[in-house]
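Undergrad: The letter at position 24 of the sequence shown is residue 507 when you use the numbering used here, and the numbering goes up by one with no holes.
Simulated from the structure, these hints should not be mistaken for lab results.
Given the structure is predicted, the values throughout are model-derived calculations rather than measurements.
In this text, a Cβ means the ideal position worked out from N, Cα and C, and glycines have one as well.
Careful: at least some of the hints might be erroneous.
Pairwise CB distance ranges, derived in the manner of DEER restraints [unchecked claim]:
id	residue 1	residue 2	range
1	GLU488	SER516	37 to 45 Å
2	LEU491	VAL511	29 to 37 Å
3	PRO489	CYS509	41 to 49 Å
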Amino acid sequence: MILAEPDLVTIFLALCLQCVWMLSVCLVLVTQS
């Protein structure tokens, strides 16, 4: 990860944040249902 290019790290972090956001939305939907 340290040798990775800044662009790749940014994309990786963006994907992680998107996954976490989707999991949060799913948890909210399951909790409210």
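Undergrad: Output the numbers, in ascending order, of every earlier hint that fails for this structure.
TA: 3
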